[in-house]
Amino acid sequence: MAIHDPDLKTTIPGMYVAGDSSGIEEATTAMLEGRIAGADAALSLGYKPDKAERLKEKAKRDISEFRESPFGERPRKGKEKVWSMMEAIS
1253 MAIHDPDLKT TIPGMYVAGD SSGIEEATTA MLEGRIAGAD AALSLGYKPD
1303 KAERLKEKAK RDISEFRESP FGERPRKGKE KVWSMMEAIS
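Mapping the sequence shown onto my numbering, position 86 (from 1) lands on 1338, and the numbers just tick up by one.
The set of hints was computed from the structure by calculation and includes no laboratory data.
Only a predicted model underlies this, so the values are computations on that prediction, with no experimental measurement involved.
Check each hint, because a few of them may be wrong.
[Unchecked claim] Distance condition first, Cα-Cα at most 27 Å in a straight line; then the derived DSS-like pairs of lysine-lysine: (1) Lys1300 / Lys1329; (2) Lys1329 / Lys1312; (3) Lys1333 / Lys1300; (4) Lys1300 / Lys1312; (5) Lys1312 / Lys1331; (6) Lys1333 / Lys1310; (7) Lys1310 / Lys1300; (8) Lys1312 / Lys1333; (9) Lys1310 / Lys1329.
Turn these sequences into a full structure, and let the hints steer you where they fit.
Listed below in structure tokens is the structure:
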């Protein structure tokens, strides 16, 4: 699994991960992570920033709701560990 931040950016500039490469969860979170990564990449390129920001924030809200459920607790804790590793090396 690649170390990444909440926007799915890796330690390699311009490279993102989503789905199983960012940690095993399930199909819904994989699709939402793809939206987050894609929207953040679009933002970094200056492509439709208002729309990209809205899409990213909605996907983050949706994935957060899933991770707050009883089924999402374990994946959420795993993601928090990965994000803290990313912060430590950034």
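- [ ] Please write out, lowest number first, the hints stated earlier that are contradicted by the structure.
- [x] 1, 3
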